[in-house]
Amino acid sequence: MASRTRARCRRRDGCACAHARDGPGHHRFDDLRDNILSTVSHELRTPLTSIIGFSLTLKEHGSEIADTTGAEIVGHLNEQAGKLDRLLSDLLDLDRLRHGSIRPMFRPTGVGRLASHVAANHAADGNPVAVRADSIVAAVDAPKVERIVDNLLANAVKYTPAGTEISIRVERANGGVLIAVDDRGPGVPEERREEIFDIFNRGGEGSTKTPGTGIGLSLVAQFAALHNGRVWVEENPGGGASFRVYLPAEQTASARAPR
3 MASRTRARCR RRDGCACAHA RDGPGHHRFD DLRDNILSTV SHELRTPLTS
53 IIGFSLTLKE HGSEIADTTG AEIVGHLNEQ AGKLDRLLSD LLDLDRLRHG
103 SIRPMFRPTG VGRLASHVAA NHAADGNPVA VRADSIVAAV DAPKVERIVD
153 NLLANAVKYT PAGTEISIRV ERANGGVLIA VDDRGPGVPE ERREEIFDIF
203 NRGGEGSTKT PGTGIGLSLV AQFAALHNGR VWVEENPGGG ASFRVYLPAE
253 QTASARAPR
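In this text, residue positions in the sequence shown follow my numbering: the first is 3, and each later residue adds one.
Think of the hints as simulated: they come from the structure by calculation, not from any bench. Do not take every clue at face value.
[As the list claims (entries may be wrong)] EDC-like mimics (lysine to aspartate or glutamate), calculated; alpha carbons at most 20 Å apart, straight line:
no. : residue 1 : residue 2
1   : Lys85     : Glu66
2   : Lys146    : Asp95
3   : Lys160    : Asp127
4   : Lys160    : Glu173
5   : Lys61     : Glu74
6   : Lys160    : Glu236
7   : Lys160    : Glu81
8   : Lys146    : Asp97
9   : Lys146    : Glu74
10  : Lys160    : Glu66
11  : Lys85     : Glu74
12  : Lys160    : Asp97
13  : Lys61     : Glu81
14  : Lys146    : Glu173
15  : Lys160    : Asp136
16  : Lys85     : Asp127
17  : Lys146    : Asp87
18  : Lys61     : Glu148
19  : Lys85     : Asp69
20  : Lys85     : Glu148
Only a predicted model underlies this, so the values are computations on that prediction, with no experimental measurement involved.
Start from the sequences and build out the full structure, keeping to the hints where you can.
As structure tokens, then:
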């Protein structure tokens, strides 16, 4: 088995920059601010442009569009709206984590069922998702675990060729819960398996950077930490990367899963 790498978060918001406004820290702060504005502006503009375009098509040619084409357009609108919702949720959670205002609420939750539900919502993303989820009940913060799964699947979609299967599994491990998402992308070089969870890290330098804000995986690491858990990435034996989140035994509940 490949070596496991702990995600590092040097501040609550996963950022390594200094608070100092003077000297080198000041420049790092300015760079971070510029990075945020540039990245978020681009990531907001892309789905908004699609939504506006499809909406105008429906407005101007709605009566001429066949039912099947109309359904496809609605599907695209829903997909782009989902991207906006995910981005805004990430930004809001990032701010709450930075201010320490997130307090996890642990309740008995059917983790396998939760993961299956999130996977179903990604069915329109262009990649089939294979789900293997054991019937496991754990005392977790369900909305945070849902975001963990959602962000891991969104990350897998970015790196996996369209039409190629992504897999997710939920199983018991060492008395706790293991959530694993396997993609079929280029994988993560061993020397980058720690920094990949740093905020605004988008995999590569310059033109090799992938689309996205670089926030999603950082939030996965921080939400796992809220459960006293951890996240790491391994090489997928079938090619690609396997992102894994472990929620420890002390969070496991003996209560029956909610119906």
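Right, here's what the structure says about each hint:
no. : hint               : verdict
1   : Lys85 with Glu66   : 28 Å, violated
2   : Lys146 with Asp95  : 10 Å, holds
3   : Lys160 with Asp127 : 10 Å, holds
4   : Lys160 with Glu173 : 25 Å, violated
5   : Lys61 with Glu74   : 15 Å, holds
6   : Lys160 with Glu236 : 17 Å, holds
7   : Lys160 with Glu81  : 14 Å, holds
8   : Lys146 with Asp97  : 15 Å, holds
9   : Lys146 with Glu74  : 31 Å, violated
10  : Lys160 with Glu66  : 34 Å, violated
11  : Lys85 with Glu74   : 17 Å, holds
12  : Lys160 with Asp97  : 24 Å, violated
13  : Lys61 with Glu81   : 19 Å, holds
14  : Lys146 with Glu173 : 18 Å, holds
15  : Lys160 with Asp136 : 26 Å, violated
16  : Lys85 with Asp127  : 10 Å, holds
17  : Lys146 with Asp87  : 15 Å, holds
18  : Lys61 with Glu148  : 35 Å, violated
19  : Lys85 with Asp69   : 25 Å, violated
20  : Lys85 with Glu148  : 15 Å, holds
This entry does not satisfy hints 1, 4, 9, 10, 12, 15, 18, 19, going by the numbered hints stated previously.
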